[in-house]
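Colleague: Residue numbers (our numbering), protein chains in the order written: chain A, 44 to 380; chain B, 44 to 380; chain C, 44 to 380; chain D, 44 to 380.
Check each hint, because a few of them may be wrong.
Which copy? The list can't say, so a pair holds if one copy fits it or any two copies do.
Stated by the list, open to error - Pairs of lysine-lysine residues, derived as DSS-like cross-links and limited to a Cα-Cα distance of at most 25 Å, are as follows:
no., residue 1, residue 2
1, Lys163, Lys49
2, Lys107, Lys128
3, Lys49, Lys107
4, Lys128, Lys347
5, Lys49, Lys347
6, Lys200, Lys273
Everything labelled a hint here was simulated from the structure, so no lab data went into it. None of the values given here were measured: they were computed from a predicted structure.
These are the residues of each chain, in order.
Protein chains: 4
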Amino acid sequence: MIFVMKPGVDKQRVDDFAKQWEQKGYSTIVSVGTEHTAVCLIGNTASIDMDHAVHTSDIVDYAKRVTEQYRAVSRSVHPDDTVVKVKDAIFDCHHFPVIAGPCSVESEEQVLTVAEAVKKSGAKLLRGGAFKPRSSPYAFQGMQADGLELLKIAREKTGLPIVSEMMNQTQVPLFEEVDIVQIGARNMQNFDLLKAAGAMGKPVLLKRGLASTLEEFLLSAEYLMCAGCKDVILCERGIRTFETMTRNTLDLSAVPILKEKTHLPVIVDPSHGTGIRSLVAPLSRAILAVGADGLMVETHNNPKLALCDGAQSLDLEQFDGLMTDLRRRAVLEGREI
Amino acid sequence: MIFVMKPGVDKQRVDDFAKQWEQKGYSTIVSVGTEHTAVCLIGNTASIDMDHAVHTSDIVDYAKRVTEQYRAVSRSVHPDDTVVKVKDAIFDCHHFPVIAGPCSVESEEQVLTVAEAVKKSGAKLLRGGAFKPRSSPYAFQGMQADGLELLKIAREKTGLPIVSEMMNQTQVPLFEEVDIVQIGARNMQNFDLLKAAGAMGKPVLLKRGLASTLEEFLLSAEYLMCAGCKDVILCERGIRTFETMTRNTLDLSAVPILKEKTHLPVIVDPSHGTGIRSLVAPLSRAILAVGADGLMVETHNNPKLALCDGAQSLDLEQFDGLMTDLRRRAVLEGREI
Amino acid sequence: MIFVMKPGVDKQRVDDFAKQWEQKGYSTIVSVGTEHTAVCLIGNTASIDMDHAVHTSDIVDYAKRVTEQYRAVSRSVHPDDTVVKVKDAIFDCHHFPVIAGPCSVESEEQVLTVAEAVKKSGAKLLRGGAFKPRSSPYAFQGMQADGLELLKIAREKTGLPIVSEMMNQTQVPLFEEVDIVQIGARNMQNFDLLKAAGAMGKPVLLKRGLASTLEEFLLSAEYLMCAGCKDVILCERGIRTFETMTRNTLDLSAVPILKEKTHLPVIVDPSHGTGIRSLVAPLSRAILAVGADGLMVETHNNPKLALCDGAQSLDLEQFDGLMTDLRRRAVLEGREI
Amino acid sequence: MIFVMKPGVDKQRVDDFAKQWEQKGYSTIVSVGTEHTAVCLIGNTASIDMDHAVHTSDIVDYAKRVTEQYRAVSRSVHPDDTVVKVKDAIFDCHHFPVIAGPCSVESEEQVLTVAEAVKKSGAKLLRGGAFKPRSSPYAFQGMQADGLELLKIAREKTGLPIVSEMMNQTQVPLFEEVDIVQIGARNMQNFDLLKAAGAMGKPVLLKRGLASTLEEFLLSAEYLMCAGCKDVILCERGIRTFETMTRNTLDLSAVPILKEKTHLPVIVDPSHGTGIRSLVAPLSRAILAVGADGLMVETHNNPKLALCDGAQSLDLEQFDGLMTDLRRRAVLEGREI
């Protein structure tokens, strides 16, 4: 961490400032210039509240971090990839598991039909929303606990592990039997939820917030790891920009840069990322090619009747076609789907 | 609601489509053009899930709402201003209550010192964070329940009603004695929290999300009103943009346009909105002039030692100077501070 | 175009309004509802200035376009792909031409070294900036006309056609011998420049503006086509968002959606799109997979000594490796590089 | 400027790096830490191309500027306010000149009617667009040179100095008799235009780009000053964000922070900033209160018939009402309108 002092600060005061940090266990180096003086702090500065440090001092102009704020998720601390394994689904550089299923669980028939079809097409996990965060109180809010039960039935029939979104920490008991707990984009900075989900002892799929920087995304993953979760899967799903032709702007650069910064697997959801069915297949091809560790695709037996997000769901035939295409491409990547 | 049909759709199919809606109790008008045909739906369409309606049909290209999705918060439904009254603080067009206090409650001495000073300067409510949502798990997370107790002591000593942020719905019992429950920007779309807060039977101060449109902001207020809350106060606090010189971009246009759309009072928080102490006073003057119904300002007895957001907090003297200035200006606005 | 009338407008006035449009040659349909009345306009409405149309009337609340504002670039008007051919470089669905070269032309030796190397690696066009738009007046502004001369020498030696950015319309004579005239992102809405470039009778490569919607991008292409240019190549190069870890946010969804809306070829520039060398290769793979019609990559013989944008340039070896990889992948796409 | 070295770089190489800079006339200080080493550069670093400096070296990880890139516009270099005086219009802290007039010049009658009315209401300058940048080639492009002539006639009749937008540098001769040359938002980074406008020896009103940071805004002003212009007026006019309810998001925080960074006057245009007539008056009040040095307002004798941007123009009566209100308020600010 580098503290840049205000212009004209007395040398003695700068030295005193540096000494204070040394008493806290850091090494320091004072750099005196003609216009500015800087104090460089050496040691583990991740736990320093930088704003606070600046404002407890009269003489500091501003500070810059040289190392990241996150530790547990950082690749510099943990150079090897974290491999998340959930039954047959392996999130690592040799595989490309696909999570498929409807936006919302709507009925037993629907979820079984979709589950069997996507399994046959090669999906490794079943997704389905039971609790649905919706902008409008008048929109369908999901089947709630009943929806989770239907997912479990589908798992029993197909063997596919299930992924579903938990909306608040009072739902922890309901999600004990879910294989991967999903934290939705709107809740990426619901820190109490992160703490509760991270303590469940199971994999957590964390979606990037609509207006969250990659740094904040990693810090939210840090919350999960600090709470005890070892198996965090990061999911890019589009950010909010000025563009209105797509629902969100899918940020594929996030994949390779996240993989530089962290050891956690990174997957992408092109359904929410674009909001447009016809874009899902081309972007899925790009997601595989860019080096993501998996894919999450909304799939519905009858998108036109879907109670939620039908415009972005593939039907079962489209999904099967996509999987055939991706398998062919995965060979080139050295990945197994 | 207007449904625009795909090009070349058969007239008979359009008529059938219109008939379906009539059977649900809506009136319809079919407009046939050379390139496009449209079906206009008349009646209360607020509860229609538009996406779903589009995708249950083969023949619809897209739909547009003519009326808003929200009802309870809409000025067209409730033309008169809602006046929120909490002890001496009145949020309406004749008053301009100021909410002041520290970002975080840090100690009894701190909160009492600040409370007494801001009261003397003319603040009508005391704010203080007990539960703090922080991007990093290593940052100070607030004094929690103890912080709420200190706020209550400060209320007893000064008579100022208290405002504090509730982070999840399990905290409802803890907040029963808080005068105004605050929902923070990161939780603006934490719908379970909105439902719980809205059912508490007390005023709720709802902060706009960092990346939330004004439409989403109003829909979140609609969640609160649907849950039973009559006294919702909207608070603009800056949105996230590409600009990095300020912490957020404070959107003052939001004030007059929200006041056209809704009957609820609208206040502004320039401390989070800018993140820079020296901008708080000029922006506060603008907030009064633009027609806001109140102001929320971070104030600290010693900003340099603040455990959170010190860079944007006024000290007690600065706050007093600001209040003197605002009182002088309020005369012109016909408002009492 | 649909005009939605203000509430409570007299039926007679609406009919008069419709009649005015009929006198201008449009068909109209009047839809009367309980709350709102709408007038649908049929015919070629692309040339109507919608804002003006709304505000010349007392009784119109707002208007919505049913068809797009652009005509010449629209796929609905011109269903077949436009194929742009410049010597051996063919921009269409069977090819994937790569444009490579330095951000700035710096010397004869530099440009010849790079040109020969990228040709050997399989590039089909040589790019090089002679006139450089730079945010700071103190940054290197390019070799200007001398730079263009060096590009021509490189073309003579290698046979590669050349692409370079024209910054203002007085430069038209200088660019007569350039094979493809590039319009930079900052100039995407420099309409006088578009008119001049479009009238030159040669292919134009139009880069998307940093904050331009896809609709505005297409309208700028429409300016080029209206000025006489048939061979417009669209180039996505990242948009400005709140994210700071990458220089821009590369919007790959733009590729398939642009290809639905327009018949023009669409290429992508991952160098400016990300600003980070290590991201160029993974994104290039994604760009091929997502269905783009070509690629533009900054390449330098010695990126560390580059006078501009060195951080995002590949060195010659990295570029060669990328081309080898892309050729292998192009087979799967049915494209020739 | 601080260069942070890559981890593990040999001390000797760092010293050599520092020595290179010393040979160029800078003082340096080398700070050695356990994880990172930094080299601080002292002297006037504004003219260093930082990217280039980083990439000419193997051993530098990244660099940070301690001082700003701009010099001429910086308040640290020129602490006193620049006062721009154009006839009776004085842009400084004691005045608040209002620039009014139509978006586009449409006819002699229109421009004279508006000019006389706004003068009577207290405007100090007349604005009017002769050359109009429009997103669509089918929209009205302005009366061009004829429009400038009409503005001059209006000036002769009313004595009001005139402000009009110059779109490209070939128009310099046409604008010689215009009192203030305006550079539009879309051209804020049209650097050739800035150089030409800056060399004209007259005041330039520079509008902030839709997606331009305040740093870029100041750098564009630096282009003007480097070209010889002493009288630059900065104009905030809204930035592009995800919000769609207003045309742009007016950034009023820009005013006080720009006034900290630069000595140039800062004015605001709420007409383009919001795009909505009913928001212009409340925002104008806020603009005065926040400390801006002037105001630019679109005013039309018949907004419903305006050929451009009618939705955001005040009519003459509304403008007169606004001016009366602002005069009353200016007393409090110690400013004369």
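Colleague: All hints are to be evaluated individually against the structure, with a verdict given for each.
Modeller: To see whether the hints hold, each was checked on the structure:
no., hint, in the structure
1, Lys163 with Lys49, "neither (65 Å within a copy, 34 Å between copies)"
2, Lys107 with Lys128, "neither (38 Å within a copy, 41 Å between copies)"
3, Lys49 with Lys107, "both (14 Å within a copy, 16 Å between copies)"
4, Lys128 with Lys347, "neither (34 Å within a copy, 41 Å between copies)"
5, Lys49 with Lys347, "between (62 Å within a copy, 15 Å between copies)"
6, Lys200 with Lys273, "neither (29 Å within a copy, 48 Å between copies)"
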